[in-house]
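Student: Chain by chain, the residues:
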Amino acid sequence: KQEVTQIPAALSVPEGENLVLNCSFTDSAIYNLQWFRQDPGKGLTSLLLIQSSQREQTSGRLNASLDKSSGRSTLYIAASQPGDSATYLCAAYTSGTYKYIFGTGTRLKVLA
Amino acid sequence: EAGVTQSPTHLIKTRGQQATLRCSPISGHTSVYWYQQALGLGLQFLLWYDEGEERNRGNFPPRFSGRQFPNYSSELNVNALELEDSALYLCASSRWQGSNQPQHFGDGTRLSIL
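Quick note, the sequences are listed as chains A and B, same order.
Residue numbers for the first sequence, in our numbering: 1 to 112.
Residue numbers for the second sequence, in our numbering: 1 to 114.
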């Protein structure tokens, strides 16, 4: 049974810092892993999707990596801004299950 | 391109009533997914519809049901509402059987049970 864990649960950093959010999964038989952002009271915004055959994906200041053998993915945010403040969720799409399993999220606050 | 739209935004019901939540996917998307985000429990997969058929179901009781219409929009029905059904219900869509397709989410329906 796939379990997805995100560490840390909450993070507060000053503006301009580079930061790393971690996501761990127990079953390496994944099709893809997706990172989302959720603002308070809102739905999810897809940030990056990494296929199982890929090692990383980049979009602007965001870079996500995937290491299936170790069951880990990281989301790197460069030069953080107050507008990056949100909850970040990772979700693993596991072979044969036809569904995403979500982590509990990292609540990020970037201080101006 | 219009995103995933959900209605209503908020829904208030009492125990024992029934609730109907609606979702319109992005144009061209045939798969619709429903998730429940309850306080303290995180996002839990509820249902997946593709081409009008229920393809997968999460660990929820049968009083959670739904359907997908020929235009690919979807309804989630919750019967015999219980207090613990209070949650944000999110709908997502993807182009087809979503194994390698990103899921795009709506803003959700907040269901409150009094």
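One or more of the hints may lead you astray.
[As the list claims (entries may be wrong)] List time: in silico EDC-like cross-link candidates among lysine to aspartate or glutamate, alpha-carbon distance up to 20 Å:
hint : chain 1 : residue 1 : chain 2 : residue 2
1    : A       : Lys109    : A       : Asp27
2    : B       : Lys13     : B       : Glu84
3    : A       : Lys42     : B       : Asp107
4    : A       : Lys42     : B       : Glu82
5    : A       : Lys68     : A       : Glu17
6    : A       : Lys68     : A       : Asp84
[Unchecked claim] Coverage of chain B stretches by chain A, computed from C-beta distances (three or more under 8 Å per stretch; other residues unrestricted):
hint : region
7    : 12 to 21
8    : 101 to 112
[Unchecked claim] A few chain B residues facing chain A, derived, Cβ under 8 Å:
hint : residue
9    : Gly28
10   : Leu39
11   : Leu43
12   : Phe45
13   : Trp48
Quick caveat, the hints were computed from the structure, so don't treat them as lab data.
Ideal Cβ placement from N, Cα and C applies to all residues, glycine included.
Student: Which of the numbered hints above does this structure break?
Tutor: 1, 4, 5, 6, 7, 9, 10
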